[in-house]
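*Asks:* Spelled out from the first residue to the last, the chains are:
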Amino acid sequence: MTKSMTITGAARYKSGVMEYKKMGYWEPDYEPKDTDVIALFRITPQDGVDEVEAAAAVAGESSTATWTVVWTDRLTAKEKYRAKAYRVDPVPNAPGQFFAYIAYDLDLFEPGSIANLTASIIGNVFGFKPLKALRLEDMRLPVAYVKTFQGPATGIVVERERLDKFGRPLLGATVKPKLGLSGRNYGRVVYEALKGGLDFTKDDENINSQPFMHWRERFLYCMEAVNKAQAETGEIKGTYLNVTAGTMEDMYERAEFAAELGSNIVMIDLVIGYTAIQSMAKWARKNDMILHLHRAGHSTYTRQKSHGVSFRVIAKWMRLAGVDHIHAGTVVGKLEGDPATTKGYYDICREDFNPMRLENGVFFDQHWASLNKLMPVASGGIHAGQMHQLIDLLGEDTILQFGGGTIGHPMGVAAGAQANRVALEAMIFARNAGRDYVNEGPQILQDAARHCLPLKQALEIWKDVTFNYASTDSPDFVPVATAAE
Amino acid sequence: MRITQGAFSFLPDLTDEQIASQAQYCIDNGWAVSLEFTDDPHPRNTYWEMWGHPMFDNPDAAALVMELKECRKVYGDRYIRLVAFDASHGWESVKLSFIVNRPTDEPGFRLARQEGRGRLVRYTTTPYATDRAAGSRYGA
Chain Z
1 MTKSMTITGA ARYKSGVMEY KKMGYWEPDY EPKDTDVIAL FRITPQDGVD
51 EVEAAAAVAG ESSTATWTVV WTDRLTAKEK YRAKAYRVDP VPNAPGQFFA
101 YIAYDLDLFE PGSIANLTAS IIGNVFGFKP LKALRLEDMR LPVAYVKTFQ
151 GPATGIVVER ERLDKFGRPL LGATVKPKLG LSGRNYGRVV YEALKGGLDF
201 TKDDENINSQ PFMHWRERFL YCMEAVNKAQ AETGEIKGTY LNVTAGTMED
251 MYERAEFAAE LGSNIVMIDL VIGYTAIQSM AKWARKNDMI LHLHRAGHST
301 YTRQKSHGVS FRVIAKWMRL AGVDHIHAGT VVGKLEGDPA TTKGYYDICR
351 EDFNPMRLEN GVFFDQHWAS LNKLMPVASG GIHAGQMHQL IDLLGEDTIL
401 QFGGGTIGHP MGVAAGAQAN RVALEAMIFA RNAGRDYVNE GPQILQDAAR
451 HCLPLKQALE IWKDVTFNYA STDSPDFVPV ATAAE
Chain W
486 MRITQGAFSF LPDLTDEQIA SQAQYCIDNG WAVSLEFTDD PHPRNTYWEM
536 WGHPMFDNPD AAALVMELKE CRKVYGDRYI RLVAFDASHG WESVKLSFIV
586 NRPTDEPGFR LARQEGRGRL VRYTTTPYAT DRAAGSRYGA
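Those protein sequence lines, which keep their order, are chains Z and W.
Under our numbering, the residue at position 296 of the first sequence is numbered 296, and the numbers go up by one with no gaps.
Here our numbering = 1-based position in the second sequence + 485.
Next comes chain W alone, as it looks inside the complex (with noise of 0.2 Å):
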């Protein structure tokens, strides 16, 4: 499968160059880029593990490329995002996010029901993956 997080997970893999497209579109607008990865997928984990702080005072996304470039050495087996942050008032934040790096193999996840009472259903949705621990989980 492929995981549809992000604004543009519907286009084909993104190129570097297409990537510091879109991060000069945000720098432009003021806004900060960075990146994030994780190994848990789950569309609830918000809180992607951080590739350093949003690089506020920076003007190029020739930079966020480079940046990009030395988080895929350590964590190319993993998802990457570019996280775009708007600080102005009334926003305050994130205003793009997109997946700029993929797992080889996407496994997808496991719907868990645990029937209840009369029709009623819980569902439980786990990311294969994690059913390794943390750091092991695709495989590098």
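So that you can see chain Z by itself, here it is in the shape it has in the complex (with noise of 0.2 Å):
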């Protein structure tokens, strides 16, 4: 590793352009402390622009530095508001790649702030012309700094609590056409779809107030939806009433009437921003509401490894930030989703520790300090014919999200709903009795379907559907593999 190059004493600060590795962004020597911030970034530097400089480059940029060196520097205590670059190493098969690891001290950042967070974290950084591109991969949120976020309003426990659901993971559906519906009509499908089996229904990221259904419409007619089938089923029922707006008045005013109207959950899309987010977080909190969030927008910065932001990031923002549900991904669905990489994103939902683990793509050991813990939701292009793999991959604390598998059952909404609440209640039950579900996964539903007609129609339609593409966003790091021969 390249050796400390900091220039001190009057010669640091004489007028001019320094290299940022001789400012002090650079410190290969400097071993974090318990309360930094740490960042590993991706960097692929210019041709020319050396990693370690790169490396210095990206502390300098996001922490205190300009382009040039000011003498302002010397009224405070610079040393330790320098973010340090402190390793670089490249990235295993990816030549001109390099992992970046840069400690923040904590006094950089206010409390509770995502957004004063982000600002120097992928604030001004990600368009620094010496690198062609830049990845924030991971960060290590240290707990003095996790106990300022007041975390998910509701969390997993007192969700399952309000709902009274335990020990499987949990149903929804998607309204489909997600755009067209009437209010009225919408509330039909809501209606059937809950009365069917499922525990939830939810608005599309999409739906907010358009002119073929304004929000007061949706809203109303969903509870109706709602009320007839808890009566009808004796079962708590939800339906993810999406309040994203044009601002946030119209959002508090969605949420308060969604509220007044006794509905158990609202829902926000990530293309809010992250102080809305914390605003909504806190009025969940305020009002007994479970805060669902739909992560609309992140695929545009997410899914490609030279440049943005890891989903991995994204969630740990998110638990601080506050919701209670977050997408994050199926793996066998019809959206992006690495297995090993996705298992990452749901061990950063839903544990109070996380170990580092480089072949999930998790860098750093993360404490939560006992901060709620977030139901990841699996959307996009699932069915009942998956249920086992679905448990084996995602496990129980989940919410499973069948929109097209519900709503594209040829009996009907609530067959489709029912197909899936039968297919979900026997592979639970199989695995808690001990059998091996995973192999025998097929053989249980077929079983299953012989006292289930809609499961029976639901595994014959879609039974060749699988989505294999290769993930563009995998892990770098594979285990090593043991002598096995």
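There may be inaccurate statements among the hints.
Claimed, not checked - Pair ranges (Cβ atoms, derived):
no., chain 1, residue 1, chain 2, residue 2, range
1, Z, V143, W, P544, 36 to 44 Å
2, Z, P177, W, N530, 34 to 42 Å
3, Z, V143, W, G620, 33 to 41 Å
4, W, G603, Z, T247, 18 to 26 Å
5, Z, K282, W, G515, 56 to 64 Å
6, Z, S474, W, G537, 36 to 44 Å
7, Z, V438, W, A572, 25 to 33 Å
8, Z, K282, W, T589, 43 to 51 Å
9, Z, S474, W, A572, 34 to 42 Å
10, Z, R74, W, G515, 56 to 64 Å
11, W, G515, Z, P177, 29 to 37 Å
Stated by the list, open to error - Anything over 12 Å on all C-beta distances counts as not near chain Z; from chain W, calculated:
no., residue
12, D542
13, E552
14, K554
15, V559
16, I565
17, A569
18, T589
19, R595
20, R617
21, G620
22, Y623
Treat the hints as calculated values from the structure; they're not laboratory data.
Computed from a predicted structure; not experimentally measured.
Virtual Cβ for every residue (Gly too), placed ideally from N, Cα, C.
Relying on the hints, combine the two individually framed chains into one complex.
*Replies:* Printed below as a string of structure tokens:
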């Protein structure tokens, strides 16, 4: 590892331009403090820029530096406020790319503000010319910082207690078609799906308040559907009312109306921004409301490995920000999701401690200090025939959302919902009873279908549906093979 | 109608052997199993009556099934559910819950609508069974 090149004394503050690595932003001997925020970037320097200078530049531009030396640094405790790149490793099998570890003193960040954290960490630095590309791969958030955030408004345990649903994944469906239904027709889909056996239905991310259905119409008809389905089944039901709107004032108005109508859950989209999300999380905590987050927009910056922000970082930010549900991938469905990488996201949502697991893309030990857990949501191109795989890959504390897999059922929406619920309960029962449910899954489903015609039909119609494409965001490290000849 | 609370209401009613398989799974995970019964199945009736304490130190599902048989002798006309409780840090709540006994006739729920201002409606769900006094609702 390259040694420290920091220039000290008066020479350091001589007017002019100086390399970042000489200004104190490269400190290979630095040992991060327990209270430091650590960021891991994937850097791709421009030709002719060495990786240490590039890493130091990222540290500088994401903390105190500007392009030239300024004497006013000397009015501050500058050594403390400088972010320090302390380690640079080549990325395995990716020539020209490096992992740069950068430590930030906790005093650089406002307590409890994702906006402030991200303004530094993913601010100007992402457009910095000496880099071809830059990606924020992971962050270590010190407990001292975690504790300044509210965290999920409700959390997995209290959500389950409120819903009185334990021991199985929850079941949902997004109402389709996502655009064009009137309020009255929309409520019909909600009623049929909930009566048939789902726990939740969901507005899609772009259902807000459009000419074909204004938001109050949707809320009123949806709550008629929820209450009627609840009375038909004796079971708590809910529908994620999307309160996403153009202004905070509009969002609060919609959320208040949802609360007045007795809804147990509201929904927001990631595109409303970090501050709006934190505001809604506080509102949700105050109003006994579960807060669902749809990650609309994330793929614009999470999907490509060379540039952007990894979804595992977004998941960490959203746990701090305080949402209760987050879409985190299905592995087997229609949207991007490598199994090992997705496991990393799920662990970040649901565990109190994440150990470093490079094979899942998790680069740091992360303590959550009893911050509430949030429910990962699997949605997009999944169906009842994959139930054994979904439970095996995603576990029990998750929400399985079968949109097309419910509403597209040949016997109707309620039949589709029933098929999914029977498949789920049969699989959980078999798992608990000690069956090898992953391998015997298809047989377990066939057996369950003997007393459930809708499941039989679902298995028949979607039996050949799979989405096998190469993932663009897979881990850079593979587990070391043990001798097993 | 058939109330669909609990984890396995969409499966055919479970045999005692099947109930034992699930109870043993819970016990093997370190969860305490217990039984609760009610004649008020309102979805927000959280506190069903307890049939004794959770069996914190019981290693064998057979004991749970034995208790279930005893419970059925007294309250066989009502809903009985198995509850498994996980006391480990970070959960400290129910981990699995499912119905193990039902009334022969489940009359369901009345949905009352109180029309308010504009199109606002206040909904109230009432089990038909609770029209009768507690203890004489499912006519043992």
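*Asks:* A separate judgement is required for each hint: does it hold in the structure or not?
*Replies:* We went through each hint and held it up to the structure:
The hinted window of 36 to 44 Å between Z/V143 and W/P544 holds, with their beta carbons roughly 38 Å apart. Between Z/P177 and W/N530 the beta carbons are some 38 Å apart, a value that agrees with the proposed interval 34 to 42 Å. Between Z/V143 and W/G620 the C-beta distance comes to about 52 Å, which lies outside the given range of 33 to 41 Å. As the Cβ distance of W/G603 to Z/T247 is approximately 23 Å, the hint placing it in 18 to 26 Å holds.
In this structure, Z/K282 and W/G515 break the distance hint of 56 to 64 Å, their C-beta atoms being roughly 36 Å apart. At roughly 52 Å, the beta carbons of Z/S474 and W/G537 sit outside the given window of 36 to 44 Å. Separated by about 29 Å at the C-beta atoms, Z/V438 and W/A572 satisfy the suggested range of 25 to 33 Å. In this structure the supplied range 43 to 51 Å holds for Z/K282 paired with W/T589, their Cβ-Cβ distance being about 49 Å.
Between Z/S474 and W/A572 the beta carbon distance is about 39 Å. The supplied range of 34 to 42 Å therefore holds. Restraint check, Z/R74 to W/G515: a C-beta distance of roughly 60 Å satisfies the suggested window 56 to 64 Å. The given range of 29 to 37 Å is broken by W/G515 and Z/P177, whose C-beta atoms sit roughly 47 Å from each other. In this structure W/D542 is separated from chain Z by more than 12 Å, as the shortest Cβ-Cβ distance comes to about 21 Å.
Every beta carbon of chain Z lies more than 12 Å from that of W/E552, the smallest distance being close to 19 Å; the non-interface claim holds. No Cβ of chain Z comes within 12 Å of the Cβ of W/K554; the nearest lies about 20 Å off, and the non-interface call holds. At roughly 23 Å from the closest C-beta of chain Z, the C-beta of W/V559 stays outside 12 Å, upholding its exclusion from the interface. Look at W/I565: its CB is around 15 Å from the nearest CB on chain Z, clear of 12 Å, so calling it non-interface holds up.
A cut-off of 12 Å between C-beta atoms contradicts the statement that W/A569 is not in contact with chain Z; the least separation is 8 Å. With a cut of 12 Å on Cβ distances, W/T589 stays outside the contact zone with chain Z, its closest approach being about 16 Å. Distance check for W/R595 against chain Z: the nearest CB is about 7 Å away, which does not clear 12 Å, and the non-interface claim fails. With 12 Å as the threshold on Cβ separation, the claim that W/R617 sits away from chain Z holds: the shortest Cβ distance comes to roughly 17 Å.
For W/G620, the requirement that its beta carbon stay farther than 12 Å from each beta carbon of chain Z is met, with the minimum near 20 Å. The claim that W/Y623 is not at the interface with chain Z holds, since no C-beta of that chain comes within 12 Å of its own (minimum 14 Å).
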